Amino acid sequence: MKVSVRRLVKNYDSVQGRVVALDGIDFDIEVGEFYTLLGPSGCGKSTTLRCIAGLEHPDGGEIIIGEKTVAGKGRSLPPNLRPIGMVFQSYAIWPHMTVFNNVAFPLKQVKSWVPNPERTERVMETLKLVKMEALADRPTPFLSGGQQQRVALARALVSRPEVLLLDEPLSNLDAKLREELRIEIKQLTRELGITTLYVTHDQLEALAMSDRIAVMREGRILQEGTPRDIYLRPQTPFVAQFVGQVNFFQGGVAEAPASGMGKVDIGAGSFACALPQGTGIGDRVIVAVRPENMSATRTRSDENGVNVIQGVVEQAVFLGDSIDCQLSVDGQMIRAKVEQTADLGLGETLYLAFRPEACTVFRL
Amino acid sequence: MYVDQSARPGLMSRLGGAWDRIRNNVLVIGVSAVLVFLILVPVVRLIINSFIEGHPSVPEGWTLNNYVSAYSMPIFYEALATTLWISSIGTFVTLAIAVLFAWLIERTDMPFRNMAWVLILVPMAIPGVLFALGWTLLLSPKVGALNMLLREIFAIVGITFEKGPINIYSLGGLIFLDGVRGVTTVFLMVVGSFRMMDPSLEEAARVSKAGTFGTFMQVTLPAMLPAVLAAGMYSFISSMESFEAPLAVGLPGGIFVLSTLIYFTTRIQAPLDYGLGAVFGVTFMLIMILLLIGYRRVIRHSEKYATVTGKGFRPRVTTIGRWRWPAFGMFVLYFLAAVVAPFIILAWTSFLPGYRIPSVSVFPLLTWSNYVELFETERVLNMVWNTLYLMLVTATITMLFAFVTSWGIVRSQVRGAGWLDTFVFIPHAIPGIVIALALIMAYLSPPLRYLGIYGSMTILVMGLVVSYISFGTRLMNSAIMQIQEELEQAAYVAGAGTMRTLFTITLPLLFPAFAAGWIWVAVHALRSFSIPIMLASRDNEVFAILLWEYWDEGSASLSSALGVLMILVLVPMTLLLRRFITQISEQR
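Which chain is which? The protein sequence lines are E and A, in order. Residue numbering for the first sequence follows our numbering, beginning at 79 and increasing consecutively. Residue numbering for the second sequence follows our numbering, beginning at 18 and increasing consecutively.
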């Protein structure tokens with residue numbers, strides 16, 4: 079089912095007064111789509127998801143699942159009457175039940191009642207889906223984090239909900255397991271064709287799993303688009319820096335031709351780059367360049383049309399697949415990703431080169 | 018700025034939203050409404066009746082005379098002063114004994130410390146009234162067994178007494194009973210602090226060149242002070258409300274406290290004066306509410322201290338050297354006074370046709386006949402059924418109400434949850450005797466008298482539920498706070514409604530706490546005294562009523578036999594309670 083969120087508003091009353099948690103959120107999730115809300119903690123992504131689940135009551139706006147308005151005009155359908163399945167950040171696996179009974183629970187409720195021979199079948203089938211069928215009779219306190227995660231997923235899917243809500247489901251797992259489950263969840267949701275809303279603060283997760291991403295900050299959506307869009311064409315410095323690493327250079331526009339590359343003067347040099355529409359000479363701008371787009375050399379590259387700046391190595395951290403290098407450029411710290419074989423010495427002067435296409439320019 | 022019109026929904030949709038909320042919380046709202054009714058109606062009725070002349074069932078109009086006459090009675094001020102005096106000195110005695118034992122048992126190398134830990138709980142199994150009755154048998158001035166013994170000892174050195182030398186029917190006697198009685202509760206309240214106190218605080222003092230004594234005075238005691246103070250306030254409040262010893266010991270000695278004054282005014286004297294009783298009740302209630310506000314202040318303050326953490330420390334044991342055995346001796350003495358002596362004299366009396374001073378010559382008289390008589394009396398069997406009913410129904414209703422109310426309070430589903438939290442704490446400030454009086458007023462006066470529950474088991478259950486609901490909700494509050502909210506939310510998302518979630522997810526998860534609360538209430542209902550005595554009638558005879566009637570008629574033997582049987586029932590229940598409490602603390 080399609081999920082539509084319209085002008086969603088949510089306020090909290092706190093000690094400091096009224097806090098606006100959601101300030102008019104608008105988005106649509108298409109049928110079968112994997113949609114991710116990405117943002118730092120406190121940006122309202124979890125609140126949005128919880129409003130869709132029915133666990134929070136929005137103060138304004140509408141939520142429509144399929145054809146049905148589940149929240150709007152001051153009314154809010156309780157969670158048990160919505161066609162959803164949900165995985166919580168803490169998994170929320172009931173410790174007083176076995177794995178089987180945890181997963182069977184949704185099938186014992188009025189709205190999604192399934193009589194017994196079929197219920198057992200459905201539970202086992204779903205457990206198989208998450209590779210937990212062998213542990214069906216195990217009491218849940220004896221499960222590892224990853225296993226609990228799988229049980230939670232099975233429980234969310236067993237009643238064949240229209241919409242799957244995932245609230246930072248991988249944040250409590252270690253890095254290795256996280257990567258594994260990332261792929262599994264993605265595959266599972268694609269096979270089932272289920273509409274999925276995923277909430278995370280981890281940009282790698284968001285990029286790897288999503289069909290579309292909405293980047294949120296302070297109760298608003300800043301940008302919505304495919305992972306490629308978000309990463310390659312960020313619309314604000316915040317999005318650029320939240321999704322992936324980025325270096326910012328502040329400067330003034332020196333040349334702004336009607337077509338072709340403009341020129342930005344940043345003090346330590348000047349860059350050729352494409353300017354946003356309507357930028358005029360003298361405008362203050364920020365030029366963003368991702369570290370992996372910079373190549374570092376000991377001698378100045380003389381390739382035509384390439385931007386080059388000069389920096390002194392302040393720190394070099396060997397990461398295995400690359401070297402994370404920090405350079406001081408005109409008093410500013412710049413990060414560059416350097417080949418793993420480079421043998422860098424502290425205090426060494428390097429030339430950083432990057433193509434104009436690698437630059438994104440934001441107007442101030 | 019984004020202006021959202023739908024953020025201000027119209028009247029109809031706002032009503033719809035309110036209706037949604039109500040529908041989703043029917044259970045919480047229903048239970049809260051019943052509780053408000055149970056608590057508020059009697060209290061309001063008590064206050065109203067204090068301004069009304071005549072018998073509650075035939076009110077004769079408004080008046081201030083009740084207040085005028087109550088506040089011009091010297092005995093009222095006398096009783097108030099006596100109550101305060103006994104409670105203050107009694108609390109002081111209790112605190113001294115309890116804190117000393119907490120320290121000796123938790124932090125020193127006193128012999129048999131682990132055994133002492135268990136033994137100090139035994140007094141819980143002895144109802145206050147039996148404790149008092151036991152001591153009157155021991156220290157009644159003429160025939161008290163201990164007094165006889167003392168007279169013989171003094172005779173050896175040439176001093177002779179006609180009676181005494183100790184008279185239990187005195188202020189001193191009451192203070193003694195009150196002081197010894199409160200030890201177990203205060204011990205339990207402070208022992209945790211002694212156990213949990215971070216030993217590194219003391220070690221830091223030692224390293225900073227303080228001696229053993231200096232460390233205790235400058236670090237240990239100040240760190241314990243908030244806990245001790247809170248326990249002291251609590252003990253003082255309990256002493257103020259105490260009814261059993263003042264009834265058994267105070268009345269025969271002509272000493273009134275507030276609770277017995279109310280009892281006397283509304284149940285004994287002729288003619289009964291309900292208006293006067295209501296004024297005493299209202300006054301008593303106000304005093305207790307003030308005390309309780311003070312208590313909550315103290316507690317809030319004590320929570321600021323972070324010295325007592327939840328970490329499992331291995332407490333540092335202080336060596337007390339040659340004081341080890343004297344310390345143990347003190348504990349033995351306490352245990353004799355609190356448990357052994359009163360129990361033995363009750364047991365002794367229960368095997369005799371009437372009370373006799375213990376001696377070898379009486380042995381041939383020993384008989385089972387009292388017990389046989391009890392088991393053959395239909396009234397007693399009736400009483401047993403009533404008591405069981407009272408226990409089961411009170412414990413179940415109290416804990417279910419507490420569970421649902423606390424859930425509403427903690428999860429804040431209903432607006433006004435904070436208000437509800439304060440509200441259910443009120444009964445904690447109302448002495449049992451006043452709750453009972455208020456219920457009498459409420460269900461004797463029109464219009465509620467037409468319900469016909471005055472004098473029934475129902476009114477007894479109502480009284481007990483009201484007096485234990487504060488305990489129940491506080492226990493359930495902390496239990497529910499331990500349960501992660503997402504566990505419940507997972508159930509909603511899985512399709513379960515509120516009711517179903519409460520009883521298939523939340524209740525099973527906090528079962529140990531629920532069971533502990535249930536047993537606690539059951540134990541207290543079983544041995545409840547003041548409320549049954551006040552509300553006694555032919556159709557709702559329970560243990561306390563019969564016990565007191567036998568005693569009052571001069572049949573100490575039957576009374577003792579009944580008491581011994583009760584203690585035998587209470588001991589295993591208390592041990593069961595301890596098991597559940599241990600289970601809860603291990604879970605956390």
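None of these hints come from the bench; they were simulated from the model. Treat the hints with care, since some could be wrong.
What the hints assert, rightly or not - Partner residues are not named here, just some residues of chain E that face chain A (Cβ under 8 Å, in silico): (1) 162; (2) 172; (3) 176.
Every value quoted in this text rests on a predicted model; they were computed, and no experiment measured them. Don't be surprised by glycine CBs; every beta carbon is placed ideally from N, CA and C.
Self-check item: Interface hint for residue 172(E), Cβ within 8 Å of any Cβ on chain A
Solution: 6 Å, holds
Quiz item: When the nearest CB of chain A is found for residue 176(E), is that gap smaller than 8 Å?
Solution: At 13 Å from the nearest chain A Cβ, residue 176(E) fails the 8 Å test, so the hint is violated.
Practice problem: Tell me if residue 162(E) is really an interface residue toward chain A, meaning its C-beta lies closer than 8 Å to one of theirs. | Solution: 6 Å, holds
Checked against the numbered hints given earlier, the structure breaks only hint 3 and satisfies all the rest.
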